[in-house]
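Here is what each chain is made of, one letter per residue.
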Amino acid sequence: MTELIKYTAAETATAIAKGEVTAVEVAQAHLDRIDAVDKKVNAFLHVDREGALAAARAVDAKRASGAELGPLAGVPLALKDVFTTEGIPTTCGSKILEGWVPPYDATLTKRLKGADVVILGKTNMDEFAMGSSTENSAYGPTGNPWDLTRIPGGSGGGSAAALAAFEAPLAIGTDTGGSIRQPGAVTGTVGVKPTYGSVSRYGLVAFSSSLDQGGPCARTVLDTALLHEVIAGHDPLDSTSVDAPVPDVVAAAKMRDVRGMRIGVVKEFAGEGYQAGVMQRFEESVELLRELGAEVVEVSCPSFTLAMPAYYLIAPSEASSNLARFDAMRYGLRVGDDGTRSAEQVTALTREAGFGAEVKRRIILGTYALSSGYYDAYYGSAQKVRTLISRDFDAAFAGVDVLVSPTTPTTAFRLGERTDDPLAMYLADLCTIPSNLAGNAAMSLPCGLAPEDNLPVGLQIIAPAMADDRLYRVGGAVEAALNDKWGHALLEEAPAL
Amino acid sequence: MPGITREEVAHLARLSRLELQAEELDHFAEQLDVIIGAVARVSEVAGQDVPPTSHPLPLTNVMRADEVRPSLTPEQALSGAPASEDQRFRVPQILGED
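Chains as they are written, first to last, in the numbering used here: chain A, 1 to 497; chain B, 1001 to 1098.
If you are wondering where the hints come from, they were derived from the structure by calculation, not from laboratory data. One should not assume that every hint holds.
Which bits of chain B does chain A cover? Going by a derived footprint, with three or more residues having C-beta under 8 Å, they are [unchecked claim]:
1. 1036 to 1049
2. 1056 to 1065
3. 1081 to 1090
Chain A residues, not near chain B, derived (Cβ > 12 Å throughout) [claimed, not checked]:
4. A10
5. G277
6. A310
7. R391
8. F397
Coverage of chain A stretches by chain B, computed from C-beta distances (three or more under 8 Å per stretch; other residues unrestricted) [said to hold, decoys possible]:
9. 93 to 105
10. 284 to 294
11. 329 to 338
12. 346 to 356
13. 362 to 368
14. 381 to 389
C-beta: ideal position from N, C-alpha, C; glycine also.
Just chain B, with the same shape it has in the complex (with noise of 0.2 Å):
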């Protein structure tokens, strides 16, 4: 199994919306080479035919009636928020200018 590389660090940063600094690059690349060395063991049941397991109850789609009910002020919802307008959570652009 191949090891992790700094370069795929970065990549990984970047889709998972953090900013990581240089010297945090170098240190998580380090550390997370050895951890997926460790985990890789797993591949060896990759070949063998067992069902994965996603949960331990066997679950599915737990439906409950479309009722009205008491729920959280636009207040309380919004109490939490770094920034409001009108009722609404206020966001920086999420568009670009042109």
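Chain A extracted, bound-state conformation (with noise of 0.2 Å):
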């Protein structure tokens, strides 16, 4: 018997469920794990021991009742720490919420809770999910499991962090730009952005609201899909949640069959930037899909070379409205109340001292390009060019099932590297941003190391909006190949922390 923090989220369920083993005992394996190795990773802001012992012992007493049990039911996950959780602090990886504890739960929450899965605590992140390295979080950066001295991906990198560092087997993460496929191609691990609207963003803390949205990461295709099929749904709390069933994504990941599929490799996403080896390994990946019986055609998609600086001018505007309700009136920090200076003053001063530099440069960035004299130049622009990237998607969904593309164009990057020069950052996203701007579903699944470095390279395959089983269908069938050819999964490689 393999040790049970190796064990997937499927395999976890199982055993419990047989009785082979405890959901206590699982619980208490991650925890031990966690306090192994999590002063070297810091991928949790916090751990819930009690919490999460707490709700395996309820699982095990269900299990002796006789109930039955949900497929996920005693499985550890690992919580980004922008979902609101009752009794447990949420801090957005943010000075301005340190030592806040929200009254409610995320409807997120609320259905993990009610799947029976044990959040073992709250993940790592940029602040606010701004940036893509984690390197942004108030509480310090994250570690990549691969190497130490390398960045996690971000904004969730924490979540994808604690996934490779065997410390939960699955994940929560919020892709607004590509905060949950980047990390996960960084990682070596698996993360979908589901259609825009499909998971709620009730308790979900808002950064850019048109782009938000929440959805599972886990080791394996079908973890992810057995996560995705409890967290998404309507929700009425959510004016922006869609009325509509969710794909069968946990059939799609056990078909492991892309004969006759239509593929589209994105033209654009290549050339300048793209590291040689991430090309290397996204180009055998392209071939493999041929081999598995896909067929492989090349598209264009001209404007998703606007696609970064638009996505640069929306994400901002939205977030400077957004968090403008970090006011120091209602929650979080309060600084400079003496008595003699006004409540504008007070905010003022709590802002200056409870944002980052990067929360900061996108407040006064959306700002700028919200303000009266630049609006139609920029924002406006920018809208527009979020509708020509909607018109190539779908003419290039007129003619294949699913486009893919390398997930990032670099391998991970080393801490540090690129912390003054946001620019820099920010072409991390080259690739994820275009799905955000259209609301459309996009998985990131390992595709193996890259010569150069031998770091994880990540494949991204993108569906049209509510078609997320495409996703599974095609990384299902392209994950068994490969741990086929590999005689292993790609995290088996992974160095002993």
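Each of the two chains sits in its own frame; use the hints to bring them together as a complex.
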């Protein structure tokens, strides 16, 4: 029997249901692992030992009573610290929310609890999900388990690192411009940005409301699908929630057959700035899809070259409005309230003390883009680009079932390498941003190690909105073929921590 | 497209309620100038006759019935308040002395 922490989520749930192991033993094994390695990795901002063990005991009691257990009952999960959790601190990686304990659960949190998933704690992230390296966290960066001197991606670097370090078999991320997929790519794990509106944003602290989407992260495609099924679905508490059935992602993950599928390679995702080893593994994946019986064609999406500029106008604009709620009045930090200062002065002093540099930069950039005189040229044009990108996707999906590309142009870069060059940092999201702007579904899954640095490379699969099942069909087939070829899963090659 | 000046950044910071330090202003003005230079490419499409997209879903005005439902208690709602008094948020003065 392999160690409990190496089990997939599906294996864990089966073992618990069969009585081969208790949920408490599983939770304890993961808490022990966190104790052993998280000082090095820094994936968690808060570990809820008592809550996790109590939830695990409840699963064991449920089983003892003869009640049927759900497909993820008793499986531990690492939750990105951007979802509210009743009674458990929620910081969004920011000093402005240090010590804040939400009085309510996000819908996603409620769904996890309803499925008897065991929440181990809250994971590190770039402050308010703004970043691609987790270095913008006010609580220190997370290390990449493949090489602790490198970034684990961001903003959901804590969730991805927790998976790669075997601290949890499941994690939750949020993806506004790539914050699930890019961390997945650089840590050799799987992450999915579901169709916009298919996972509730109620209780997800807003960064850019028209782009933010919560989603599942795991070490295998099937585990990701099982988690997707738990968290997706209509929520009346989120006015942008899609009221439509969730595609059968679990069945799709089990199909392992891409024969007859048409797959498009996006021409624009290549060239300058793309690492040779990343392109090599990507091209091998495309060849593999051909061998597996898919038809591969090249497609052109010319507007994608304007996606990054449009994103860095739209997301900061929405953020400048969303983050106005941090006013030092109702919750969070309050600085400088000495009885002589006005509310306005206290707000400005608090935001100065509580926000980090990237958040301030984006608030100012968004305020600029929305100001009169610039609105049409910047925000207005960015919204037109958004239409053009959706049209490019529509045209592409008229001829193919899914699109593929590298998830991110390079493997994990070194901590500190891009912290003082915001534009260089923004390039990490070049291939992931178009799906956020269009609101469709996308996955990243590991497709090998780049030969020049032995670091994981991610394959991105993009499907039309509400066709999330296609991601799992293609991803499941690629994963199975690659594991066959390697004789093991990619994470087996990660160095011991 | 014109760049952004230190004075403009100071003005935007005031509008955004951010009490920036002098060295932050210098640093941000330099960085924002570079960022705006890079994102200004979107204005290539400014003249094109393309409808704007503000949101990926064609949803408008999702309504619900106006019914009394369970909600947070005053204690829960005030649980994160920096200061409270008589079941209310206590805030610094919002009006001048005179």
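Beyond 12 Å from each Cβ of chain B, as asserted for A:A10: holds (31 Å)
Coverage criterion applied to the region 1036 to 1049 of chain B (partner chain A; beta-carbon cut 8 Å; 3 residues): Our answer is that it holds, as 11 residues pass the Cβ test (under 8 Å) against chain A, meeting three.
Check on A:F397 being off the interface with chain B, judged by Cβ distance over 12 Å: holds (14 Å)
No chain B beta carbon within 12 Å of A:R391's: Answer for A:R391: violated, closest chain B Cβ roughly 9 Å.
Verdict on chain B covering the region 93 to 105 of chain A, where coverage means 3 or more residues with a C-beta closer than 8 Å: holds (count 5)
Coverage claim, chain A over the region 1056 to 1065 of chain B, checked by counting residues with Cβ within 8 Å (three needed): holds (count 5)
A:G277 and chain B, when compared Cβ to Cβ, separated by more than 12 Å: holds (26 Å)
Chain B over the region 362 to 368 of chain A, status - at least 3 residues with CB closer than 8 Å: Holds, because 5 residues of the region 362 to 368 of chain A bring their Cβ atoms closer than 8 Å to Cβ atoms of chain B.
Residues of the region 381 to 389 of chain A with Cβ under 8 Å from chain B, three needed, outcome: holds (count 8)
Outcome, coverage hint (the region 1081 to 1090 of chain B, chain A; C-beta under 8 Å; three residues): holds (count 4)
Chain B over the region 346 to 356 of chain A, status - at least 3 residues with CB closer than 8 Å: Check passed, 7 qualifying residues.
A:A310 remote from chain B - nearest C-beta pair above 12 Å: violated (5 Å)
Hint compliance for this structure: hints 6, 7, 10 are broken, all remaining hints hold.
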